[in-house]
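Start from the sequences, fold in the hints, and give me the full structure.
Spelled out from the first residue to the last, the chains are:
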Amino acid sequence: MKRLGVACCLLTLTLGAAQLLAQQPPASAPASATPSMETSKTVSDKLQQLDQKVAAAQSSADNAWMLVCAALVLMMTGPGLALFYGGLVRQKNVLAIMMQSFALMALITVLWALVGYSLCFGGSGPFIGNFQHALLRGIGVDPNPDYAATIPQLTFMIYQLMFAIITPALITGATAERMKFSGTVLFMTLWFFFVYAPMAHMVWGKGGFLNAALGGRFPTLDFAGGTVVHITSGVSALVCALYLGKRVGFPKQPMPPHSLVLSFIGACLLWVGWFGFNAGSALASNGLATTAFVATHFGAAAAALSWSLSEWIKNGRASALGAISGAVAGLVAITPAAGFVGPMPALVIGFIAGIFCFWMVTRFKAIFSYDDALDAFGVHGAGGTIGALLTGVFARAIYNPIFGAGKPTGGLDGHWGQVGNQLVGVLFAWLFALVGTFVILKIVDAVTGLRVSEEHEIAGLDITQHGEEAYNLES
Amino acid sequence: MMKIEAIIQPSRFESVKDALLEIGIEGMTVTEVRGHGRQKGHTEVYRGREYTVDLLPKIKLEVVLPDNLVSRTVETILKTAKTGKIGDGKIFLSRIEEAIRIRNEERGEGAL
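Respectively, the protein sequence lines represent chains S and P. Numbering-wise, the first sequence is residues 1131 to 1605 according to the numbering used here. Numbering-wise, the second sequence is residues 567 to 678 according to the numbering used here.
Hints should not be assumed to be uniformly reliable.
As the list claims (entries may be wrong) - With a straight-line cut-off of 25 Å between C-alpha atoms, the simulated DSS-like cross-links for lysine-lysine are: (1) 606/P to 1444/S; (2) 651/P to 583/P; (3) 1222/S to 1382/S; (4) 606/P to 1382/S; (5) 1382/S to 1444/S.
Stated by the list, open to error - Derived CB-CB ranges, DEER-like: (6) 1398/S to 653/P: 50 to 60 Å; (7) 1603/S to 609/P: 23 to 33 Å; (8) 669/P to 1603/S: 25 to 35 Å; (9) 1444/S to 652/P: 21 to 31 Å; (10) 610/P to 1499/S: 28 to 38 Å; (11) 1450/S to 659/P: 42 to 52 Å; (12) 1499/S to 635/P: 55 to 65 Å; (13) 634/P to 1379/S: 47 to 57 Å; (14) 1546/S to 606/P: 21 to 31 Å; (15) 1444/S to 644/P: 21 to 31 Å; (16) 610/P to 1575/S: 29 to 39 Å.
Note that these hints are calculated values from the structure, not bench results. Small disclaimer: the values here were computed from a predicted structure and weren't measured. For each residue, glycine too, the CB sits at the ideal point set by N, CA and C.
See below:
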């Protein structure tokens, strides 16, 4: 049998070789006539076809990457953030907080399709988009060269949607364990329209007055959403925490996280999903995406270390919650910087963010005694702010010549004025989120009310807001 | 008849149970409980917030025995549950008036 097999193989090989030889073209077959108009036309046609094929190949590669990134960013909200926050609350509120993230996945998606995308990326006004793409009119497989020249605008649209989902979801960390579900839904709807959409347009939309790439007055470098996502959500979270007031029993009654295992898994999913968030913000599968990918990973690692070290020095132990909180703080801080900095500055930014956010959630919060239940402000507001400012310091043109070839980008290039521009962007985002959120809270308070009754709060939101319990272990 | 209630460290429970089986104790009831005596609790720190946990997990073991087995059982528990550190727990003895086996309504020591 063995011998027969070998014989068969040999036969196939011989036949194959013979076929190959037969296909070889004769050495001097083409160019039968003299060069003429016709041949040059054929050549230019061929070149054009080749160009189209190259463009199509690039588009396929970029599109494949961007679709994966869109899915990764969705994974950050569900299950990533849902698990991270879910583990940090008490057992009686875990479904409520997870449900808030999940509800946003559905709610924002529908709002986005109706008018949200158009309000963020339509037109070229300085403050907000327009209704030209309402109901996604005109959004198809053709790219929009203003934003991403190599991928279908539908891909760009769905990718940006995932950012619009996670941003309001971050705020639920501050309102956890005491906000009504009805109030949350109304608040998030209004917040999406009146805070997120204008802010996204101002920073990323064409003509937006903070846009660094498309002609903004105060070009703020924000690669993947330090101002748009983290400062707006973090600062809004602070306003919500102050407006809602403390949870019943805070800070006297112990409210330890009910499952750090869930939080741990959630944080790890966030770390992985963040590659889609930051590296995907290159909007192509190119070197810039790699720069952002590397910076993201390094920032997270350095911050996990520096938070743990701070804790070790202060409390004598490095906790699991500290390590994962540090990683998230680093990911937040590196978000605006990811596509502008090299690996070493990424380590520095992460290291600083870990220490700074540790101080914010342990000391600053205690001094001012506000109940930001899951530290949405301490991590996202504080980390986003420090990251946006440090981006102005560390951004280099060799990674991203966003102001044009040969022009400096940030402080390390000698362009220290960029730190000033970053400050304008940061202050504006703070102010906008503060005022916008306060007004929205007033409205929601009048319409549906914000807090559940004390009785319901003590019983837990799972049973009172949703009529179910997370763990029926004995049934 | 006597009831022995022993509140012991969870970490010693398996050894105590095995030792009791070895001296021929055939039944016991076990509950996971929380409590404290003179042992202080411990502190946990979550993002800078310290919590003192003063009720610690313990195991409560209940056995009802004819009088002649009591002292040997108590000795066995003392020997196996002891770590020598604070928090090892306590043993309580009390007299039992009656025991009834539900299956056949047998009464007294025979029901044990």
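Status of the hints after comparison with the structure:
1. This hinted pair checks out: residue 606/P and residue 1444/S have alpha carbons roughly 23 Å apart, not beyond 25 Å.
2. With a C-alpha separation of about 20 Å, the suggested pair residue 651/P and residue 583/P falls inside the 25 Å cut-off, and the hint holds.
3. Restraint check for residue 1222/S and residue 1382/S: satisfied, since their Cα atoms lie roughly 18 Å apart, inside the 25 Å limit.
4. Among the hinted pairs, residue 606/P with residue 1382/S is consistent with the structure: their alpha-carbon atoms are about 19 Å apart, no more than 25 Å.
5. A hinted pair counts as satisfied when its Cα atoms are at most 25 Å apart, and residue 1382/S with residue 1444/S qualifies at roughly 22 Å.
6. Between residue 1398/S and residue 653/P the Cβ separation comes to about 35 Å, which falls outside the hinted range of 50 to 60 Å.
7. For residue 1603/S and residue 609/P, the hinted distance range of 23 to 33 Å is satisfied, since their beta carbons lie about 28 Å from each other.
8. Distance hint for residue 669/P and residue 1603/S: a CB-CB separation of about 30 Å, consistent with the stated range 25 to 35 Å.
9. At roughly 28 Å, the beta-carbon separation of residue 1444/S and residue 652/P lies within the given 21 to 31 Å, and the hint holds.
10. Residue 610/P and residue 1499/S have their C-beta atoms about 20 Å apart, which leaves the hinted 28 to 38 Å range violated.
11. The beta-carbon spacing between residue 1450/S and residue 659/P, approximately 43 Å, falls within the hinted interval of 42 to 52 Å.
12. Against the hinted window of 55 to 65 Å, the Cβ-Cβ separation of residue 1499/S and residue 635/P comes to about 59 Å, which satisfies the hint.
13. At about 53 Å, the beta-carbon gap between residue 634/P and residue 1379/S stays in the expected band of 47 to 57 Å.
14. Checked against the given bound of 21 to 31 Å, the beta carbons of residue 1546/S and residue 606/P, roughly 56 Å apart, lie outside it.
15. Judged by the Cβ atoms, the range 21 to 31 Å given for residue 1444/S and residue 644/P is violated: they are separated by roughly 42 Å.
16. Distance hint check for residue 610/P and residue 1575/S: the Cβ-Cβ separation is about 35 Å, which falls inside the suggested range of 29 to 39 Å.
Checked against the numbered hints given earlier, the structure breaks hints 6, 10, 14 and 15 and satisfies all the rest.
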